Amino acid sequence: MPEPEPPEPYSSGGGRVPDDGGAIAATGAGGAMDLATSEGTTLEKTPGGPEGTGPAGRPRSLWSDAWRDLRRNPIFIISGLVIVFLVIISIWPSLIASGNPLSCDLAKAQEGSQPGHPFGFNGQGCDVYTRTVYGARTSVTVGVCATVGVALLGSVLGGLAGFFGGVWDAILSRITDVFFAIPVVLGGLVLLSVVTSSTVWPVIGFMVLLGWPQLSRIARGSVITAKQNDYVQAARALGASNSRMMLRHILPNAIAPVIVVATIALGTYISLEATLSYLGVGLKPPTVSWGIDISSASQYIRNAPHMLLWPAGALAITVLAFIMLGDAVRDALDPKLR
Amino acid sequence: MGRYVIRRLLQMIPVFFGATLLIFLMVNVMGDPIAGLCGDKQCDPATAAQLEKEFGLDKPVWQQYLTYMGNVFTGDFGTAFNGQKVTELMAAAFPVTIRLTIVAILFEIVIGISLGVVTGLRRGRPVDTSVLLLTLVVISVPTFVTGLLLQLLLGVEWGIIKPAVSTEATFSELIVPGLVLASVSLAYVTRLTRTSIAENRRADYVRTAIAKGLPRRRVIVRHLLRNSLIPVVTFIGTDIGALMGGAIVTERIFNIHGVGYQLYQGIVRQNTQTVVGFVTVLVLVFLAANLIVDLLYAVLDPRIRYA
Amino acid sequence: MLLEVRDLHVEFRTRDGIANAVNGVSYTVDEGETLAVLGESGSGKSVTAQAIMGILDIPPGKITGGEILFQGTDLLKLKEDGRRKIRGAKMAMIFQDALSSLNPVLSVGAQIGELFTVHKGMSRKDAKAKAVELMDRVRIPAAKERVGQYPHQFSGGMRQRIMIAMALALEPDLIIADEPTTALDVTVQAQVMELLAELQRELRMGLILITHDLGVVADVADKIAVMYAGRIVETAPVHEIYKAPAHPYTKGLLESIPRLDQKGQELYAIKGLPPNLMHIPPGCAFNPRCPMAQDVCRADVPPLFEVSPTRRSACYFWKETLDG
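Residue numbers (the working numbering), protein chains in the order written: chain F, 1 to 338; chain C, 1 to 307; chain X, 1 to 324.
Careful, some of the hints might be misleading.
With the Cβ distance kept under 7 Å, some of the chain C side facing chain F (calculated, not the full set) [as the list claims (entries may be wrong)]:
no. : residue
1   : M26
2   : N28
3   : P142
Pair by pair, the computed Cβ-Cβ distance ranges are [what the hints assert, rightly or not]:
no. : chain 1 : residue 1 : chain 2 : residue 2 : range
4   : C       : E88       : F       : G166      : 34 to 40 Å
5   : F       : S64       : C       : F171      : 32 to 38 Å
6   : C       : E168      : F       : G205      : 50 to 56 Å
7   : X       : L203      : C       : Y4        : 40 to 46 Å
8   : X       : E320      : F       : R72       : 48 to 54 Å
9   : F       : G166      : C       : A49       : 46 to 52 Å
10  : F       : L238      : X       : I257      : 46 to 52 Å
11  : X       : D213      : C       : Y4        : 40 to 46 Å
Calculated from the structure, these hints are not laboratory results. These numbers come from a predicted model, not from an experiment. For every residue, glycine included, the Cβ atom is placed at its ideal position computed from N, Cα and C.
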């Protein structure tokens, strides 16, 4: 990036009071929900918006700069490819797995790898490979639906509170405080212990219910930051209406941290689903889920660890892919860390 | 300073009542509190009705909540499913979980901060990249998987530790479970310290310290670290509450009879009093930890103290 | 000679290429002498100063050539520990933004006193007494009461006085002040500058005053070095340069100062932008902006021509510039 000034070895940035909002928010028990917030804090300070001009005077936005960075980032490319692959096999699992995840043969229970069954068989004699492939659908569905729900609810509530301020903001802040005081896994145990439905919806509903305060805090922070930008103040002075201000000036600049935190949160929701299933309150058979498979395999871990390792590995790679994607996007969007 | 503390205390009151009310409502949604009271057998309708009256369950929920809170403030947390006082269960469970949490926090402080400082000072070098990737892997593998694998490897395969923790749950038995409990937070502490150090490293006041001819060690410890650790201290402090509440998974894996174990039993047996009682105490711990963090914050950062 | 910089070269390696920040700078400072280094941001004046102090960020910065002789020793040949002992004790630096340059979480007394405990091995109690003494000396009222306060509790001018106190603490032989008054209110600027000049005379220190403000220079400096694109384009005793500049860039700088006797006329501004340090124009770096540029200026880098025994100019047409 050719700049008219030499890179001054020491720029500015000393003596800033670090924002404590995110760290306070880190209450996700079992660590499922807290990565996004604890790290999202840096983003709240990100000055969004158009900045700098290219060599030919061509205006460059935060987004096109970020995209330029991302395309060169191997972490982004790898995690992106993994996610595309996961989405494809979630939609068409039969592409790479011909068997039926629910057809099992007890006679083969706990058997190891053999031709046609590379991952072996689980405690009920089901093919571990087929179940691992089919498990992706559940995890991706839970992750995506929970994230979309959390992001919509959280950013609308948080964004409005940040934009209008005053009483609503104060009330919302106290409500989020209340939610942060309750450990997530604990809340899941209490709420989901009576659910008998074997669908994914109660789990998703629970995640939205307990997850939105995290996103609302991020959204509120970034809306307040965006609102204080000079050009937003200028637009207000020129008489722009509230809705125009929000959509045209604030939304594009406030949305970056929300996207980053949501991407990372997606990974943690998948992890949380597995944790809840392990505790026996998440998804229930006959749903095919990595969490359920890991949970039932954990009893036989001494004799047949392969039953646990394959779904656990798939789970870890999936979560890792989303977290790394979010991480890469954050690095690209945070000019301060360049 | 005094006003700052009072303001924080006042802000905590609605959070305390909100969180306990929320959990109270959730537990009520959870199911029939009477079913739990008769032990494993089905209650007969007459006993059920009598119990309902006795516990005031025929009253509206808000009234039950007020009564319950009134009792809590006199130290009466009710009775658990096996007829034991909930306070007795707490007396047995909390010391165990507190020990577990202490071990976990020590791991966070010692390993997390050291790794964060090392990587923050060497941003972009191989050691930084590898630690960063390692933290991502730790964060991505769910705690229960990490726990099961460590138990399998250290406990069963190599026989370094006992796979299950005894009822005494001494510190030495809790080292591995503490590491498992801390693992995810440990990764965050590393990353947070790293970011904070890397950001402050270029700060003007660090340049001043170098220009004053201070030894490198002194520049890092007295000037850089002191400023960079402020957000880390905040994180670790608030994590205390989260760790104690999140110990359910770890305690289940290693069969530790702590808070998580009792809560799990309470939920499985649908015992309202146990669940609400333990959660109330956990919320209090969380709030107390937050208050301590606020105080520490003021001690570490004079700009807050004199604000 | 207190300080002699010889043909210093510094570059910065960034993701986007190499920026040539300093390209062969030479200057000298005598005991008790004040050298003003003038130039726009990006001219390399601060980078040169940081190289002298030994506080360049390496990497991305890299000193690729030259010598820095301080009291006869080449600083660039010293080990880090040797340089550290000079920093703060024999040469000290005053930075532009005192608020960010002071550590927000340590009391000002601790930050001043630290110099005495580290360099002189004094006890903390003695160091604190010294800090009070110094704060008195830079005329901070109620020094005794304020020694335990934190930077944010002081006003801008007072904070800069604390920076000066810190720099003077060990009575160094050389002070480098990097835009010491730029961040201050105009009324405070003069007071701080006056204080600095007075203490410098008293202690007979060499002073390098880095600034882009010609107004500040006239009163305090003995000689001036004007920098452009990492090179010195003109050096001269201060009164001569104001009378008649020998380089078109210096001329442009002087003409862009608003003057009362030219009221009503359009203010002069040097046209164009400062050069991109990754692609410095061939020949004289100033040629794209220079009204007098000829073919020779675009072809070869001008050497420093001797205008008078005390004066140099890096312009092929220094005579023409001097005359008109």
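Hints, verified against the model:
| no. | hint | verdict |
| --- | --- | --- |
| 1 | M26 | holds, 5 Å |
| 2 | N28 | violated, 10 Å |
| 3 | P142 | holds, 5 Å |
| 4 | E88/C / G166/F: 34 to 40 Å | violated, 47 Å |
| 5 | S64/F / F171/C: 32 to 38 Å | violated, 55 Å |
| 6 | E168/C / G205/F: 50 to 56 Å | violated, 41 Å |
| 7 | L203/X / Y4/C: 40 to 46 Å | holds, 44 Å |
| 8 | E320/X / R72/F: 48 to 54 Å | holds, 50 Å |
| 9 | G166/F / A49/C: 46 to 52 Å | holds, 49 Å |
| 10 | L238/F / I257/X: 46 to 52 Å | violated, 36 Å |
| 11 | D213/X / Y4/C: 40 to 46 Å | holds, 41 Å |
When held up to the earlier numbered hints, the structure conflicts with 2, 4, 5, 6, 10 and fits the remainder.
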